[in-house]
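Student: Residue numbers (the numbering used here), protein chains in the order written: chain A, 1 to 579; chain B, 1 to 215.
Among the hints, erroneous ones may be present.
Unchecked claim - 16 angstroms max Cα-Cα, derived EDC-like pairs, lysine to aspartate or glutamate:
1. B:K212 to A:E208
2. B:K92 to B:D82
3. A:K67 to B:E6
4. B:K203 to A:E208
Claimed, not checked - Distance ranges between label pairs, derived from CB positions:
5. B:S116 to A:A313: 16 to 24 angstroms
6. A:I294 to B:I24: 37 to 45 angstroms
7. B:L191 to A:V40: 27 to 35 angstroms
8. B:D117 to A:T448: 22 to 30 angstroms
9. B:Q174 to A:M1: 30 to 38 angstroms
Stated by the list, open to error - Some chain B residues near chain A, calculated using beta-carbon distances under 7 angstroms:
10. E6
11. A22
12. G55
13. I59
14. S79
15. G97
16. P103
17. F194
If you are wondering where the hints come from, they were derived from the structure by calculation, not from laboratory data.
Since the structure is predicted, the reported quantities are computational estimates derived from the model, not experimental observations.
Cβ coordinates follow ideal geometry from the N, Cα and C atoms, glycine included.
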Amino acid sequence: MFQGWIQIALTLLIVVAITPFLGGYMARVYLGERTLLDPVLNPVERILFKLSGVQTRENMTGWQYIKAVLYSNLVMALLLTFILFSQGWLPFNPTALSEPTWDTVLHTVISFITNTDQQHYSGETTYGYFAQFAGLGYMLFVSAATGLAVGIAFIRGLTGRPLGNFYVDLTQSITRILLPIGIIGTILFIAGGVPETLTGPAIVPTLENPAISQAIARGPVAHFEILKQIGENGGGFFAVNSAHPFENPSPFTNLIQTVGMVMIPSSFIYTYGVIANNRKQAWLVYGMVLTISIVFIIFNGISEYNGNPAVNALLGGQVPNLEGKEVRFGWAQSALFSVITTGTMTGAVNSFHDSFMPTGGFVMMSNMFLQIIWGGQGTGTAYLFAYLILAVFVTGLMVGRTPEFLGRKIEKREVVLAGFLILLVHPIAILIPGAIAMSLPSAPDGVTAQGFYNGITNPSFHGLTQVLYEYASAAANNGSGFGGLLTSQPAPSALWWNLSASFSLLAGRYVPIVALLLLADSMSRKQPVPMTSGTLRTDTGLFTGITAGVILIMGALTFFPVLALGPIAEAFQIAKGIG
Amino acid sequence: MSFTREASRAVRSTLVLWVLTAIIYPLAMIAFGQIVFPFQANGSIIKNAQGQDVGSALIGQPFTSDRYFNSRPSTTSYSTADPKKDDAGVLKTGVSGASNLAPSNPALLDRMKGKSDPDPTKAIEGDIPRLQKAGVKQPTADLVYTSGSSLDPHITPEGAAAQLDRVAKARGLQPNQLEPLISQNTDGRFLGIFGEPGVNVLKLNLALDALKPAS
Chain A
1 MFQGWIQIAL
11 TLLIVVAITP
21 FLGGYMARVY
31 LGERTLLDPV
41 LNPVERILFK
51 LSGVQTRENM
61 TGWQYIKAVL
71 YSNLVMALLL
81 TFILFSQGWL
91 PFNPTALSEP
101 TWDTVLHTVI
111 SFITNTDQQH
121 YSGETTYGYF
131 AQFAGLGYML
141 FVSAATGLAV
151 GIAFIRGLTG
161 RPLGNFYVDL
171 TQSITRILLP
181 IGIIGTILFI
191 AGGVPETLTG
201 PAIVPTLENP
211 AISQAIARGP
221 VAHFEILKQI
231 GENGGGFFAV
241 NSAHPFENPS
251 PFTNLIQTVG
261 MVMIPSSFIY
271 TYGVIANNRK
281 QAWLVYGMVL
291 TISIVFIIFN
301 GISEYNGNPA
311 VNALLGGQVP
321 NLEGKEVRFG
331 WAQSALFSVI
341 TTGTMTGAVN
351 SFHDSFMPTG
361 GFVMMSNMFL
371 QIIWGGQGTG
381 TAYLFAYLIL
391 AVFVTGLMVG
401 RTPEFLGRKI
411 EKREVVLAGF
421 LILLVHPIAI
431 LIPGAIAMSL
441 PSAPDGVTAQ
451 GFYNGITNPS
461 FHGLTQVLYE
471 YASAAANNGS
481 GFGGLLTSQP
491 APSALWWNLS
501 ASFSLLAGRY
511 VPIVALLLLA
521 DSMSRKQPVP
531 MTSGTLRTDT
541 GLFTGITAGV
551 ILIMGALTFF
561 PVLALGPIAE
571 AFQIAKGIG
Chain B
1 MSFTREASRA
11 VRSTLVLWVL
21 TAIIYPLAMI
31 AFGQIVFPFQ
41 ANGSIIKNAQ
51 GQDVGSALIG
61 QPFTSDRYFN
71 SRPSTTSYST
81 ADPKKDDAGV
91 LKTGVSGASN
101 LAPSNPALLD
111 RMKGKSDPDP
121 TKAIEGDIPR
131 LQKAGVKQPT
141 ADLVYTSGSS
151 LDPHITPEGA
161 AAQLDRVAKA
171 RGLQPNQLEP
181 LISQNTDGRF
191 LGIFGEPGVN
201 VLKLNLALDA
211 LKPAS
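Based on the sequences and whatever the hints tell you, model everything.
Tutor: This is the structure:
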């Protein structure tokens, strides 16, 4: 057990060590300061901006920035729709896959443009190589870059700067952050055994019985895989995502994947510290998020290590819960990965969340309810500061001072935006469709027709958890799933899940983005108030502690009832004995 | 700004970035992989002495007989099928998938301990009785829990050790002749720290065949 905790601690240590370097670098990029890659990238970007007609010096207002986000994302989504529908006659489709059903395409497009990458399909059997690298692979870049652009515009607004230009931020997030890390990561992944080929599956006779053949799916995986991780996308090339030995062949690649998915969102908090010129506050909130994350990892790790009591009784000894886990990762790397992937809104999985002990389901869903245990690409840090603004407001009320954040007054408009549009849209997008799904019947045996069915596959309390997890994952733009839920065609319940999840995906992405940008815009226009001895300081340990309280109370009050009916009830059921 | 200018900028940016990230980047990386690491880039396919492909060094294969070290139970039988009866099209694309059984699901326990049923098509043999009948007295966790990918190439060193006597007996070998094969085919932790050690079952069984061909 000790060995497992050492691996976890060292992995987290690497993440913290990277933070000031990557965070400082990102700050330089977004502030337009000189960086190491300038000699190569300046001419490249000049060409890109010229071709796309972008005026780099033009600053956008809040609404202009919002319009640019929405227009560009719409055009990108249309391009992806076209590619997915046309895959039957597009090149590089060695397994001759034809166009998927319309609802699968709709859900895939919305899921990938929102940086969620929830997958209601199996990669091997649904999308050909071209659809994967030129369609879905494109979304891995632009959806992550959209998140980073929104995040940086929010930070600029909060610190009283103009918001910047969306197209410049979008392009530079790709050329200066995602692409360089992507190229290095691809090389490491290929060296580590991840395939990168256009050849179709290999068919070999099996060693034990040559009359039986094995099909070894492969493809251009490595370059896709690294972007899937660092862009917090999480959409796997294959059905089983990072559990597949070709996506994640070894503990070496797993280490890159784990660090890769948390590296940018954690460093982004430091980027805020540099831009706001308040590194102390950045480290304080960083410490708060890290602490919550470590508590979740410890809970999850202990319960996976202790294993399933019913199985332990059969095997006559205590063994870790290895259902849905790979030998090379074991309980420790699986438990760590599952907490990081749900906290960072990556949604990649190296082990199957549906088969985790109830404690696992509890912490993973808590991660997605809170959305700030690192949080989404760019947007996670923005949500974190929306919580900080609410905490300022609450403490201001308690002590009777005018709430101010970074020398700017927090007024009704800011509280409405932060409280309602950013934080309350989330439970609406989860609980309402969740309640409807629970009222749907399960498809009777032998039914092949599409209809509104719930698709639950595990009995009792765990079935409720499957449903809630699916919507929490969609609304938080995470994308992982309790994989047992029948969400993929040709299951009769696929139509319901494709349509209802699409609603949660869109509501969970674009409503908060609009609100964040409006909030940033209104903050940037306020007259700064001079700091006096009466000002409530927000860069203290006490204030950070209160913020943690506000975050946990908001999360707990909103979602605790459903957690009690799902994973907590299941834990009692297992303690009592199954069957 | 007018609608047309706004729309034109969105369309042009979309296409420019598409060419950069979805065409130039992947094709450059594929070319790099094929030139610099052709073995890994094509799926680490291993060949036998006759030069025929026998599998991938990274992907497991089904092994259930006494003559071989058994691999973990798999929901897709390691993406295999009979080429003559492949109605599900497994061999067309290759597949992967997990059981997704909840820890509270009685089906998980039935799969492990077996279930008798008057209808023979509904009865389940159970992995623990199967392994015990085959002479593995104490099955390890990895041998009864299904993997996440259904393609796990590894079993734990303890899982291999538990099968040592049985395989040695079936092959007419001494257990101490097989012990070095297990350690030679064990993939250790990265830097001795990260991950868990695993015995590559396909490579181990290939080495076993090379030592003494199955009769």
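Student: All the hints need checking, so say for each whether the structure fits it.
Tutor: Outcome of the hint check:
no. : hint                                 : in the structure
1   : B:K212 to A:E208                     : holds, 14 angstroms
2   : B:K92 to B:D82                       : holds, 12 angstroms
3   : A:K67 to B:E6                        : holds, 8 angstroms
4   : B:K203 to A:E208                     : holds, 12 angstroms
5   : B:S116 to A:A313: 16 to 24 angstroms : holds, 19 angstroms
6   : A:I294 to B:I24: 37 to 45 angstroms  : holds, 40 angstroms
7   : B:L191 to A:V40: 27 to 35 angstroms  : holds, 32 angstroms
8   : B:D117 to A:T448: 22 to 30 angstroms : holds, 26 angstroms
9   : B:Q174 to A:M1: 30 to 38 angstroms   : holds, 35 angstroms
10  : E6                                   : holds, 6 angstroms
11  : A22                                  : holds, 4 angstroms
12  : G55                                  : holds, 5 angstroms
13  : I59                                  : holds, 5 angstroms
14  : S79                                  : holds, 5 angstroms
15  : G97                                  : holds, 6 angstroms
16  : P103                                 : holds, 5 angstroms
17  : F194                                 : holds, 4 angstroms
Consistency note: the structure conflicts with none of the earlier hints.
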